[in-house]
Amino acid sequence: MACSNRIGGRGAVIWAALTALVLALAGCDGLHGPQVTQVAVMDGALTVAGPRGFCVDTAASRPAMGFVVLGGCAVVAGDGPMPDPAGLITVQVGGAGSAAVTGNEAALDRLLTSPQGTALLSAGGQPGSVRVHSHAHTAGLVRVRFTDGTAADPQGVQPGEWRAFLDLGGRMVTVSLRGLARAPLSAGEGQRLLLGAVAALRAANAGNPASTG
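Counting in the numbering used here, the sequence shown runs from 1 upward without gaps.
It should be emphasised that the hints constitute simulated quantities derived from the structure, not laboratory data.
Idealized CB from N, CA, C, for every residue including glycine.
Among the hints, a few may not be true.
Claimed, not checked - Simulated restraints on C-beta separations:
1) 34 x 115: 42 to 50 Å
2) 155 x 82: 15 to 23 Å
3) 96 x 186: 18 to 26 Å
4) 133 x 182: 18 to 26 Å
5) 35 x 124: 33 to 41 Å
6) 103 x 44: 22 to 30 Å
Using the sequences and the hints given, assemble the complete structure.
Below you can see the structure in the form of structure tokens.
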């Protein structure tokens, strides 16, 4: 199913990126890369940008594969504002023609609470390990908040995840958000930050004639 956000061998990249960002946010050495607020992915098919105060972690991101990690600019680039609330955002852009959300929002929403859907949410593909806390859909967007007990979270990361699915430029885009243990996101804060990330993506691709949602 195209809506999976599991990306095979790149799982280790995600884990390393989350760990590095969490350590930096916890007060260890910052990553201090360039202050990049947006990046083109998939040979320019789409542009990934985050909410205000978020920068692209260029070391952990893989633009050619449609995978981007975003964290607070103050940590990632050693400059700029720290977002409030803060969190760790990952974006995965699907292949050409993978769009499957628009027009199917209700069906995808239902799928995410089924054994097949929770298996897709699980890092280990185990439906019994996922607890869905909330889910909803609007025009062109499906979102879910869940906890995955498949594996231990990186130290410093808040348990639970917010995830959104939307279509842009004929491709399915998956946005994932994790909070920080030292400053955990409430359900409302997580939802607002997730929707802010979605809004930033849509704004960055507003000039793309193929973008929808």
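A quick look at each hint next to the structure:
In this structure the supplied range 42 to 50 Å holds for residue 34 paired with residue 115, their Cβ-Cβ distance being about 43 Å. In this structure the hint that residue 155 and residue 82 lie 15 to 23 Å apart at CB holds, the actual value being about 20 Å. Evaluation of the 18 to 26 Å hint for residue 96 and residue 186 yields a failure: the beta carbon distance comes to about 37 Å. Remark: the range hint 18 to 26 Å for residue 133 to residue 182 is upheld by a beta-carbon distance near 21 Å.
Evaluation of the 33 to 41 Å hint for residue 35 and residue 124 yields a pass: the beta carbon distance comes to about 36 Å. Between residue 103 and residue 44 the CB atoms are about 26 Å apart, so this pair conforms to the stated range of 22 to 30 Å.
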